[in-house]
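Student: Spelled out, the chains give:
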Amino acid sequence: MTAVPAAQAESVTVIEPRRGWARLDLAELWQFRELVYFLTWRDIKVRYKQTVLGATWAIVQPLLTMLVFSLFFGRLAKVPSDGVPYPLFSYTALVPWTLFASGVTHSAVRLVSSSNMLRKIYFPRLSLPLSTVLASFVDFVLAFSVLLVMMPLYGYWPKVDAVWLPLLVALAFVTSLGVGLWLSALNVQFRDVRYAVPFLVQLWLFATPIAYPSSLLDEPWRTLYGLNPMAGVVEGFRWALLGTATRPGPMILVSSLAAVALLVTGAFYFRRVERTFADIV
Amino acid sequence: MTDGAIEIRGLGKRYRLGARAEPVRDLRDRLSRAVRSPVARLKAVFAGHSTIVSDEHIWALRDVSLDVAPGEVVGLVGRNGAGKTTLLKILSRITDPTTGRAVIHGRVASLLEVGTGFHPELTGRENVYLNGAILGMGREEIKRKFDEIVAFAEVERFLDTQVKHYSSGMYLRLAFAVAAHLEPEILLVDEVLAVGDASFQRRCLGKMNDVATSGRTVLFVSHNMEAVQRLCRRTVWLDEGRVERDGPTDEVVSAYLRQWSGQRRSAYVGEAAAEGRRAVLELAELLDASGERSSHLNLGEPFMLRMRWRHRERITGASYFVRVFDGRDRMIFSSNTHATDVVVADAGVHQMECRIEASVLMPGDYTVTFGCFVRPRTEVERVDSAIAFEVLPLAFDETVQLHAGPALVAVPTQWRRTVGELVAPLAK
Numbered sequence: 001m002t003a004v005p006a007a008q009a010e011s012v013t014v015i016e017p018r019r020g021w022a023r024l025d026l027a028e029l030w031q032f033r034e035l036v037y038f039l040t041w042r043d044i045k046v047r048y049k050q051t052v053l054g055a056t057w058a059i060v061q062p063l064l065t066m067l068v069f070s071l072f073f074g075r076l077a078k079v080p081s082d083g084v085p086y087p088l089f090s091y092t093a094l095v096p097w098t099l100f101a102s103g104v105t106h107s108a109v110r111l112v113s114s115s116n117m118l119r120k121i122y123f124p125r126l127s128l129p130l131s132t133v134l135a136s137f138v139d140f141v142l143a144f145s146v147l148l149v150m151m152p153l154y155g156y157w158p159k160v161d162a163v164w165l166p167l168l169v170a171l172a173f174v175t176s177l178g179v180g181l182w183l184s185a186l187n188v189q190f191r192d193v194r195y196a197v198p199f200l201v202q203l204w205l206f207a208t209p210i211a212y213p214s215s216l217l218d219e220p221w222r223t224l225y226g227l228n229p230m231a232g233v234v235e236g237f238r239w240a241l242l243g244t245a246t247r248p249g250p251m252i253l254v255s256s257l258a259a260v261a262l263l264v265t266g267a268f269y270f271r272r273v274e275r276t277f278a279d280i281v
Numbered sequence: 282m283t284d285g286a287i288e289i290r291g292l293g294k295r296y297r298l299g300a301r302a303e304p305v306r307d308l309r310d311r312l313s314r315a316v317r318s319p320v321a322r323l324k325a326v327f328a329g330h331s332t333i334v335s336d337e338h339i340w341a342l343r344d345v346s347l348d349v350a351p352g353e354v355v356g357l358v359g360r361n362g363a364g365k366t367t368l369l370k371i372l373s374r375i376t377d378p379t380t381g382r383a384v385i386h387g388r389v390a391s392l393l394e395v396g397t398g399f400h401p402e403l404t405g406r407e408n409v410y411l412n413g414a415i416l417g418m419g420r421e422e423i424k425r426k427f428d429e430i431v432a433f434a435e436v437e438r439f440l441d442t443q444v445k446h447y448s449s450g451m452y453l454r455l456a457f458a459v460a461a462h463l464e465p466e467i468l469l470v471d472e473v474l475a476v477g478d479a480s481f482q483r484r485c486l487g488k489m490n491d492v493a494t495s496g497r498t499v500l501f502v503s504h505n506m507e508a509v510q511r512l513c514r515r516t517v518w519l520d521e522g523r524v525e526r527d528g529p530t531d532e533v534v535s536a537y538l539r540q541w542s543g544q545r546r547s548a549y550v551g552e553a554a555a556e557g558r559r560a561v562l563e564l565a566e567l568l569d570a571s572g573e574r575s576s577h578l579n580l581g582e583p584f585m586l587r588m589r590w591r592h593r594e595r596i597t598g599a600s601y602f603v604r605v606f607d608g609r610d611r612m613i614f615s616s617n618t619h620a621t622d623v624v625v626a627d628a629g630v631h632q633m634e635c636r637i638e639a640s641v642l643m644p645g646d647y648t649v650t651f652g653c654f655v656r657p658r659t660e661v662e663r664v665d666s667a668i669a670f671e672v673l674p675l676a677f678d679e680t681v682q683l684h685a686g687p688a689l690v691a692v693p694t695q696w697r698r699t700v701g702e703l704v705a706p707l708a709k
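Sequence lines, in order, name chains D and P. All letters in the first sequence, in the order written, are residues 1 to 281 by the numbering used here. All letters in the second sequence, in the order written, are residues 282 to 709 by the numbering used here.
Incorrect hints may appear among the rest.
Listed below are the simulated BS3-like cross-link pairs for lysine-lysine, each with C-alpha atoms no more than 30 Å apart in a straight line [as the list claims (entries may be wrong)]:
hint, chain 1, residue 1, chain 2, residue 2
1, P, Lys445, P, Lys488
2, P, Lys445, D, Lys45
3, P, Lys424, D, Lys45
4, P, Lys424, P, Lys488
5, D, Lys159, D, Lys78
6, P, Lys445, D, Lys49
7, P, Lys424, P, Lys445
8, D, Lys49, P, Lys424
Honestly, the hints are just simulated from the structure, not real lab data.
Use the sequences and the hints to build the structure in full.
Tutor: Shown next, in the form of structure tokens:
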């Protein structure tokens, strides 16, 4: 080790008891961006280790869900699908759903499974759920590539509207991170969360217009439906890729507001309780 | 610079008893408690408590004030639970203090454990990058030091092997090597040298010596008095969360050792854990050759260490260890259940005994540390110096002899007259 350069810019840390709400301190999170990068990369590398199917799981799950939906909702219950072949209709929705569900499921348990890091190292705690949700992009990309194969098979080609996809993906990401922050922080205190998450995700799946179109609802209910941010994302995806008549309007506005609200409240709640993580995790 | 590197004023940390002892850990526990008092639990939840807690508190750290000058290397000594680790955790911002304030001038790195964040499924190379990032190194910095780190760890050939296939020695070397290449202005180190074999410990100490003489400010927690004496000019002795003594190392260490050697105990009874733990050592005792609880053994006397562990949850891959230290806190030997077929993963109570068939301990004071870990070396729980005993200068039987001179060990030996040809002459 070499001697410390004398003229190093001095950093001063003040350590005091903290009470009440804390600042988000995104600047610090930015300083630790390489840690976020490495944690994301670790998550991706490790997620499907020692599984037989490996990353195929990211494709199998939405594909099988689509099959089941197509059979029971599409074929048997004759649920309408906005004029799109039902399998394509439901799978297009399942792609962003994969991002959301995978992000939520993994980030909810992230803090508890990293308890050793929390107890031994200082770093911005936000980087753990953040990197986990980022790692879920792998699942998303895999599921999305299958969609790109499926669309031509049904005679659909991406149109100009597809340029809006990144914004919709960002919305799904914000929603996933918001929910993930809430759940991961709660899970440190209440381990019940671990049991509640699979159930919650399943309920949310059916509360989102994946197996059915939101066009079943009339206004103003459809706009109100946007309070579930994933409703806006899913309908936006169908519009951008399949050209359904769900062009983003008031609903996606409501969805965006709801997603941002989830993220902001989640982040502040997380920051408020994170100071006790090392003591109770 | 007139400022101190670290200024600590009235620092205190209070833990709520039960806050960690009570958390809801597994379903069975949850159900039974839910059945017993769901209303009370829900009330507690809505009142903002994570659990139904008692109002009892414990101060792990109390009104600690310290000034550390830039470039000073300060040892922190004290018994288990004296607050040493808590102090480092507060200074490294892992946990918040309850009272007081600390100001730190300079970039801090803390080393409370080597290998934090190592992932068994990743290769050595990958873990170096990951661990480096976790410890606060940038990617460029790691890249620059990579060869040096690998050379120090002596794992060149296994760089692309998953860490789970490493021996625990290789694992430790690599983990320490990453940490040893941190270049902070202020380094907080906790007991990382208490692991590994003798030659590894020597190398670690050597590296620590480099750090100590490089002008960095170091706070060094250790049970190893030799290391403290070697590295630190000044030492702070913490006892029950307070500064008991602060001064030149030799003075403080000898005062500490004097007080410590007056306390022998043949049994340890675990307290209600202040910080809810996955495994708790409820009881540990030392039995002499006649099966009696004792804090005195004769030279060469076989003895037995008995322990009762309670696991609050299932701990896959759990093993127990015992380590025996001499009066200067040098590890004399250790043993663990890992290599045996003893399985102690389940939640609940496990009782275990470790029989030391032939003791080689010389007369003097010893302590026994008990612990539980998960392969390869994640420590679940450890109780330092749970038992303290003395070996008396009285031979247990005729197989051991007391020497006038200073031998390191007293080995039971047997002599016998033989006849006929001795050993074959040395082959050329």
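Student: Verify the proposed pairing of P/Lys445 with D/Lys49, using a straight-line Cα cut of 30 Å.
Tutor: At roughly 13 Å apart (the allowed maximum being 30 Å), D/Lys49 and P/Lys445 satisfy the hint.
Student: Need the status of pair D/Lys159, D/Lys78: alpha-carbon distance at most 30 Å?
Tutor: holds (28 Å)
Student: Hey, P/Lys424 versus P/Lys488, does the alpha-carbon distance stay inside 30 Å?
Tutor: Holds: P/Lys424 and P/Lys488 sit about 20 Å apart, inside 30 Å.
Student: Does the alpha-carbon distance linking P/Lys445 and P/Lys488 stay inside the 30 Å limit?
Tutor: Roughly 26 Å between the alpha carbons, so the hint for P/Lys445 and P/Lys488 holds.
Student: Measure nothing beyond the straight line between the CA atoms of P/Lys424 and D/Lys45; if it is 30 Å or shorter, mark the hint as holding.
Tutor: With a Cα-Cα distance of about 20 Å, the restraint between P/Lys424 and D/Lys45 holds, given a limit of 30 Å.
Student: Are P/Lys424 and P/Lys445 close enough, with their CA atoms no more than 30 Å apart?
Tutor: holds (23 Å)
Student: Hinted pair, alpha-carbon criterion (30 Å max): D/Lys49, P/Lys424. Please report holds or violated.
Tutor: holds (26 Å)
Student: Run the distance test for P/Lys445 versus D/Lys45: straight-line Cα separation, threshold 30 Å.
Tutor: holds (15 Å)
The structure agrees with every numbered hint stated previously.
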